[in-house]
Each structure stands twice: as structure tokens, then as C-alpha cells.
Amino acid sequence: MQEGAVLEMRGICKEFPGVRALHNVDFTLREGEIHALMGENGAGKSTLIKVLTGVHPKDGGEVHIKGIEGPAVIRSPQDAQNAGISTVYQEITLCPNLTVAENMYIGRTKGMGANWKAMNDGAGKILTSLGIPASPKQQLGSCSIAVQQMVAIARAVDMECKVLILDEPTSSLDEQEVVKLFGLMRDLKAKGVGIIFVTHFLEQVYEVCDRITVLRDGQLVGEYVIEDLPRVQLVSKMLGKELDDMADIKGETGGTAVSLEGDPVLEATGLCSNAGIKPFDFSIRKGEVTGFTGLLGSGRSECVRAIFGADHVTGGNVKMDGKAVKIRKPLDAMKKGIGYLPEDRKGDGIVGDLSVRENIILALQVMKGFFRPFSRAQAEAFADEYIKLLEIKTASSDTPIKSLSGGNQQKCILARWLLTDPKYLILDEPTRGIDIGTKIEIQKLVLKLAAEGKSVTFISSEIDEMLRTCSRLIVMRDRKAVGELNGEDLTQTKIMATIAGGDKE
Amino acid sequence: MAKELTVDKQGRIRERAAMSDTNLLLTITVVVFFLLYLSAVVFLGGGFTKPQNFLNILNNNASLIVLACGMSLVMITGGIDISVGAVTCLVCMTSAVNLEQQGGSIFTVILIGLGIGLAFGVIQGFLVAYLGIQPFIISLAGMFFAKGMTTIVSKEPVRVTSEGFLAVKDTRIIVPGLGANNKLGQYVPAYVEIGVIVALLVVIALFCLLRWTKLGRAFYAVGGNSQSANMLGINVRRTKFLAHVLCSLLAGVGGILYFLHVGSGDVANGAGDEMNAIASSIIGGTLLTGGVGNVAGTFFGVLSLNTIKRIVSSLGFDEAWWSNITVAAMLCLFLVIQSVVLLRKNKK
Amino acid sequence: MTTPVKDPKAPVQKPREGLLKRLTRHQLFIPLAALALLVLFNLIADPSFFMVTMKENSLGNPVLSGNIISVLDNASELVILAIGMTLVTASSGGQDISVGAAMAIAGSVILRLVCGGQVSADTMAMPLILAVLAGVVVSALFGAFNGALVAYFKIQPMVATLILFTAGRSIAAWINNNQLPIMNDLSFKYAGTFLPGIPVPTPIFITAAVILFFWLALKFTNLGLYTQSVGINASSSRLNGLDPKLIKLLTYVILGVCVAIAGFVRVSRSGSINYSRIAENIEMDAILAVALGGNALGGGKFNIYGSIVGAYVIQFLTTTLYKYEVPSTALPAYKAVVVILLVVLSAPVVQEKLANLKRAPVKAAKEVS
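Line by line, the protein sequences are chains V, Z and G.
My numbering applies: residue 1 is where the first sequence begins, and numbers increase by one.
My numbering applies: residue 1001 is where the second sequence begins, and numbers increase by one.
My numbering applies: residue 2001 is where the third sequence begins, and numbers increase by one.
Among these hints, one or two may not hold up.
To be verified - Simulated DEER-style distance windows between Cβ atoms:
(1) Z:Val1175 with V:Lys180: 38 to 46 Å
(2) Z:Tyr1130 with V:Thr493: 39 to 47 Å
(3) Z:Ile1204 with V:Pro71: 43 to 51 Å
(4) V:Glu484 with G:Thr2221: 30 to 38 Å
(5) G:Ala2208 with V:Thr399: 30 to 38 Å
Bear in mind the hints are in silico, worked out from the structure with no lab data behind them.
Virtual Cβ for every residue (Gly too), placed ideally from N, Cα, C.
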């Protein structure tokens, strides 16, 4: 092991069926250091962490931990805890049915008994010292998500750990809570704890971190001291492209030159749903590409879900081509010519065990009706056409869709909606977690569809993707539409300012 | 005045939010039981006013109380075990044959009961926890295996005549102060059988296990969210395994108590008790989805279930089928209540 | 030098598999292999098992008789149930354990109507077809009850159907006031025994008709696609315009109809009913048939032909066990062992271990070379 290192991972490999998630990845964490682990979605950050914490067994490589002779054997999260690694995961991994105090102590106390008094007292002290607004005796499920995440952090920092892993802990925290968390991280760093910090927010990386390790497509790109790696370079390392390359797309297709005249294809006023968004107005014209932008949880997905009828619509009016329509459930929207590619590809998009062919024809088949199935030949013709058109890499149209890579799965879902020949297509994060080549293909496709006269709503967490494709952006904050930008205003800084709020001039 | 009311209202709402699911459902159960029994006493009178009537519910259901508590343990971890009734039956039959034909004693009966229970528990627990097979399928197979084995042990009912055993069986523990005069004016003391004492001890022991031991809390954690429990450093497989072992072991104990109560082996022994046990657990506030429940609630669940059976039969619906229909109706009602409560909560 | 963008997540190309491997992978392999094993066992142990002879039945009509005929005949109810059970399993990822009890209800309704409430009747009080229709409607309603609990109240299927499992036989008894009505009209028994002049048992024809119906339904409607889609990913199905709750409910109603047909066949075999014994333990066999047919009990993709073959295998096993004088009451113990072996062998953990065992020698050989 290197001098001063508290954790060393060497040549880590991990394969999931059909996917090489990690290939020969090295990672070194030193004492008293905050180390950012960066990479795009699907780059292998979470897999690396889950291998380290024993959630996934590794296929190859060694882990060395300070104070343990030889390669450390970590087969389960318990082993990891015993080895001095404590973790806060992106999703909350606590038990909602237990009390706050129990969640902080379960699985790490000695002896057979559960000492409620000691747990409640200890938890009470930590909660107060971190300023977490929860009672130790409260059932965890009755706390807000942010408080639950803070409890998870409190549990992790309370353990006598050598390594603390924070896997995107800030996505559900507000600004003050993030400040508190950073203070905590600096205290721990001073005590010599090594911290691995995974986040999407570049500002946060440059605020607290000492070093950055970048992963891309399951491989190590490199380890850098923070001063040596300006933001622009970090981004290009994460994406594996020079920024100039990316600017090409818009040039190729000539941008979205749309006349802002003509009647709207869809016009919604005061639309709101039970997913907790404030009523919003929205309209889109023929051949136009619009976007919803905002931070995670700002309500951009909920808006498009309301348009498609995916959530229970509680109010508002929708007009299509000037006529009032009622959209209560997805089928209503589909019949009116709306298509919707959902944000959660695995949970809401693909039907995993069904074949590529069945996945592609599904939406059109449902619209055609229960008693009128497509013939096998017809279905195969449809599938083959789109496999060719979108260059979907699959062994055959009979292959179960779940065995395809993320990007190709996404293309199948796109094919599903293109097959229904929609007037208006909603794409919610179509580029998340897929490789860069496919990302660019999808963006080109969006522009092509618009040129053909279809209306598209495009949502992406990556603002430059939206800048390249959209001619108009609706900015969301706190589940409310707070601004609309177009033309000259479509710049990174202007968007950031609008997302952040009007107080920054 | 109005202001005070709102404050009062708010205070109450806050209190309710702070109450855990387990305690909320336990409270519902206890209240339901007392309302049921009280209304029976007030509106039906008769037998319901006599303390012995209440004690007989305990005497007749000591075995069910133990079975239902075991069932609650498994259900809290998110599993289910429908083999318990058949295991009870197998224990009774094997014990009867042992006493009558092999010269066994009360001790061999206890050994048989615990042994059979442990064997079922270890095998079922292993298959569920370490091979990841659905508990329902495994215990369904276990139920049929036990049923088949019972008839292989003996097809004919076996009545026990062993005196040593009958002495234990007929031991009555007098409950002071609850006796009543019979029609002839003689004082008849109120009593419970030995089984009731055992059952109550089991309830108390399990209550302590669930509340004050790490294993008990691990049951809840695994049932609440087994993936999270794993991440929190709990050995999920071992926890599930132990829950199944305990449940089957308690089914063995339940078998011994059943045998002590009826004193014979019969293929009909314990028939349908798995359903009664599940129904009692659910009525007692154990959620099928796991993570929520309490053996104290289960105890009251058994009492409620049998009280309503008695009420139905004393209302004149005494044909055999009403009892099953009542159980099913209660089960349905509580399942729907739980489902609605849960769906509401999840929506928030 | 720029290398072309390569997708590292593209599925690893699998080498073309041998014929044997593809054969053993086929979903119908396990049930057919089990059937072949049973046939082989009986061929070796006693070839007379397969003899089919013409005998006179109690009415003096010449009919076919023999173990094979008895397997095909007696499996009828099970096959019909297994088809419905497959759909329910696929859509809701759970099984209906109330089918036996529901068969008792359907049988009880039909008997009550044809006997007109009498304990013993010599002529039918109403046309048989109407009585059967009434049975179908009642059974479908109970199916809808189960389905509603599963789909709309989100209760696990096995637990939701526990209610009817507990109450069903009692409800059946209640319908007939706990009397055991006997129908003596011969034409009532046509469906369960023989049609006059035809030597093949009628249940075989009824089963064939049901299978044909479902073959057509799967071919000419989207029943298969919708059910599988909902079973695999309900949320995604909803966003593609399906109503997962309605489709789950529908599969339970279909199972209810299957139950009624099976119940009718069962009561018309004897013209009477025994509430606690009729179709006892058949739910276990039906679930076993689904599993044996290579269908995942967790739902999703299904193959009804697998379940049908599975059902015949179970009946074949039962008939074989009977032949070797295993008492009927001990039968569940043997079947339980088969179930456990089956689920253990199909458990992912075990499959993985087996695959590793197979792979290990290959790897070792490669390392040597």
C-alpha cells in the first residue's frame, strides 16, 4: 500500500450479464482526504462503491484497507462495516418501519439486547448536534426524505470509520443542509477519515474535494489533484470528448429554425396533478422543440406526466389543435397522438422479459385494440424496419429487451413511439445512462423529427443537450414553472440564473 | 374557545402521526376486542357474563395462540408459513401413537413435538432463506407433506388412555375469585388448563424477544425493507432462517398443547388452524407486507376471532359453516382496512 | 489515430448453441422429460399399464378403459384449472389457492338448480345449460372478488384468495343448506361420464374444447401480450395505455370461468357433491402444473401448453402411484416431495451453482492448454 493511503483498490473488474460494468479500475484513498468519484451515469461509480461495500461480489481485483493484512475480504455490508467502511447511499437504505434511533444503531451494536434508553439518548445527542429536526423515538417513515437522508448520514458519521462513502447524498438536501454536511465532512477529514464523495454537482466538488478520480464506461480515466483539473477539462474527461466536438451537432442539422407562428398543437392551461406540481401553462407549436429544465425534483417530469395523463390530473384544461380534449389516462393521450418516453427506463419504459419486437409494437398494438392483434409477419416487419432505422444493436427481434445495453433499450422505446406516428412526442431524459454515441444520435433524431413537422418536448439533466436541441425552455423550481426562455436568452448562464432564482442579478 | 379546540385537535393529530404503525394497529385490535366482548356481555348476556366462559376461550385456543404468535414472527419478516396446522396434526398423531403403542411418556411427547417442529423449521427456513424460494410454496409443500405423513403414521384416530398423560391433561389451575355458582347452587371454581399457562409464557417471551433483543428488531428491519436491512449490516438470510425455525418450533409446541387439550391423535386435528393463525395475526395488526406487528396484538386477535365466532353461534347461526364464513369475513375486513390504510400512507 | 466509438455495454456475443442445449433450454423440456420418464418407468415396470380395452360400463355400454384413458379423463379438471391458473400467475405474479373451494361452490350452485332444492331428484328442475351458466356467473363473480382484492387493494394473491379458500366450502354447504343433493337423471352425468354411443369419456372432449378455445383466444386476441406485459412491468404497461388493474381482474374472472367448468365436470361425474372432499388439494396440483410447465411463479412470460402438459404429468404420476397401491391419503406427502425437488432445482441460487459446476471443468481444461 502507498504511504498514507487508507484504502486501495487494484484492478477491480465486475461484469453483469452482458454488460462489463467495471474493467480494471484502480482507486486510492488517502487519510484525511475528500476524494470525488466522477463520471456520467452508467460510468460505474455506483458499481465500484457497491463492490467496495460488499453488495456486489467482484469478479477480479484486490482491495487493501489500512490496518488489515493482505487483501481485505468484503463479502457483505457487515464485513464492510467491520472493516471500517461506512456508507450513505443515493437511495435511502434505512428501514421506514423502525424508529429514527433504531435506524442509527441497528446492525452495529454489541451484545444480544436492544438497549432502547442508550439508543435514544445517543441518537438524541447526535441529532441535536447535527441540527436534524427529528425525534429519536419517531418512526422513520414519518420523516421527510431530506431528514431520512440526514439520519443516514448521522448513522454513517457516528461509526468509528476509516472510510466514509457518500454516494450522491445531496440530491435531496436543501442548501443549508448541504452546508451543514460539508462542515461535517471537513471535521471528519481533520480527524483523518478518508471520504469518497460522489455527486453530480460540479460546484460541490470544487468546494470540498481534494482529489478527483474520473471513470468512464467502466474504465478508469485518471486521478487528478483538484487544482490541476479545471472544470471544462473535468467535463471533457467525463464525457470522453473535447467540448468542440459536441458543438457540432447543431451545426450539422442547422438548428431548430422554427417559425413561431401558427396555432399550437397542444395548449394546456392551469394543468396540475396529484404528484404535487403547481398549476402550469404550456403550449407547443408544430415543428417546435421545447424543454423543461430545473434541478432534480423540481417537477419537470411531473409536468410532462400530467400532460400525458400518467399521473392523476386534478385540474386544468388541455386543447389540441384548438379543440378541448380530456386526457385522464395514458390511452387518451395516445389516441390524441401524444407519445411519452418516461424518465425511468427500467421501471416505466421497457417490459424486460418481452422481446424487442413485442416492446416495439406494444403501444401501437394497444391503440389498435384487444381483439385485433398484429400478425406475426406484420409485427416483424415493423420491428425490423425500426431496428434498421435506429440502428438498434440486437441479435434478433426475438431477443428479450433486457439483454440489450441501455442505449439500445432506449432506442427500442423510441421506436415504440415513433411507430405510433405521434403528432407530439415527449422525451423525458432519453439520454440518461446511455453511451455518448447514442446520446448524440438521439439528439439528432429529435431535430430531425422537428424538421419533419412533429412537436417534441425534450428533457435532460444536461443543460448543453437542451441548448443544442430546444428552441424554448421552461424553467422549473420547487414544482412550479418560474420562467420561460427563448432566442437570445438561451445561454448556460441565463438558465442557471433562472434556476437559481431571481435574487441573483 | 374555538382556538383551544384547534390546538387540541392539532395536538391529537400530531400525537397520532408520532405513533408507529405497530402501535396504531395494536390499539385498534385491543379496542375492537373489548368492544366486541363488552357488547356481547351487554346485548347477549348469558354465558358471556361468566368469567369461565372467557377462560374457556383461552382453554380451547391455547394451541392457536402459540401457532398465531409463531405466524406473526414470520409475517413480521415478510414471510408466511401455512404448514403450522398440519404440523400440529402430525405432532398430535405421532405423540398419540407413541403413547399408546410405544409406551412413551409426557417427556417423549415434548421431545416429539419440539423435534418435528425443529425439523420442519430448519428445512423450510433453509429453502426460504438460503435458496430464496417463495415461502408460500415451500410451506404449502410442507403442509401437504405433514398431512400425508400423518396418515402414514396412522389413518385411524388414536385415543390416549395412558394415565400419566391424562393426569397432566386434566390438571386444572384454579383462578381464585372468578368462580361462580352452578344451577344447583354449588360453587364451581374457575380454572385454566396447563396449556394456557404455557401459551401465556410464550406470548410474554416472544413479546420480550421482539421488543428488547437485537434479533427481534432484526425481524422488523428485514420485514420493513430487506435490502436496507442488508445495507445496515443485518444478516438477512440468517434472520429469515431463524424466523422460520422459531415459527415451526412454535407449531411443534402448539401441537403439544393441542394434544394436551384433546388427548387424541386424529387426521382432523388442527385442520384449518393455519388459516386461523393467519387471520388472528392479521386481525392483531400484523401486516402481510412485513415490518409491522406485535404478538400482544396477535393474542388479542385470537381472542377477538373466537369471541366473534361465539357471538355468531349464540345468535343462532350455529351450523358448522358459519364459523368458517365468519373467519373469512373478519379476515377480508381487516385485510381491506390494512390495504386502505397502507395505500393512503404510501400516497402521502 | 481515432478508434471508432465502441459500445462496451453491447451484449457479449454468444457462440451458437448446440442442438442438445437448445432442446434442454426449451420451456417444454422439463414437463416432457418428466412425462417420458414416467412412461419409461411404467414400460419397464409393467407394460400392461398402457393397455386399452373395451369394457362394458355400469349401463352396459361398451366404453374404452385402461390407465391411459383414466389419466386423460381424470386430468380434465386439472388441465382446465391449470390454464386459468397460468394466466393468473402471469398477470399477478401469484396463485389463486381458492380454486378447489370455488369448484365446490360452482358444483353446489349447479346441483341446487338442477335438483330444484330437493335432496334427491330424478329429473332436472331446469335446463342443464341454464344451471351451468348460472354456475359460471357465480364462479366468475367470486373470481372477480379475488381479482379485485389483488388488483385494486394490492393484497398478495395467495393471501387474498385465502379468504375464499377458508370460506368457500362452507359457502358451498350453505347454498344447499348442508344437504347433499343427488341428481339421478342420467343426462346430467353425460358431461362427467360418457355420451350415449361414444366410447371416449366426455371430459376429454370438454378439455379439448377448452384448450382449443384458449388456443384461438391467444391467437386472435392480445390476451397473451397484455397479460405478460402487465405481469412483467405493470407501470410500463400503464404508460403504454393498458389498464393493469383491469387486466389482472380479467385473468381472475377467466380463472373463475375455468373453475366453473371444472366444477361442473366434477359434479357430473357422480351426480352428487361432498363439500369437504370435492376437488380437495386440487389447488396444489394446479400450481404444481403451472410450475412444472416451466412458467415462473413470479409472473411474466407464460406458456399455457407447458401447464397443460404439466397437468397431464401430475395425473400420470397420481395414477402410477395409485397403481402401486399408495393410499390416496398419503399421496400429498409424495407430491410435496416432488414440488420441493422441483422448486429447489429451479431456484436461481441452485441453477447458478449447477451452471458453475458445469463450467468449472471447461475452464480448468482451458487453463491447462
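Verification of the hints:
no.: 1; hint: Z:Val1175 with V:Lys180: 38 to 46 Å; in the structure: 59 Å, violated
no.: 2; hint: Z:Tyr1130 with V:Thr493: 39 to 47 Å; in the structure: 57 Å, violated
no.: 3; hint: Z:Ile1204 with V:Pro71: 43 to 51 Å; in the structure: 48 Å, holds
no.: 4; hint: V:Glu484 with G:Thr2221: 30 to 38 Å; in the structure: 46 Å, violated
no.: 5; hint: G:Ala2208 with V:Thr399: 30 to 38 Å; in the structure: 35 Å, holds
The structure fails hints 1, 2, 4 (numbered hints given earlier, in ascending order).
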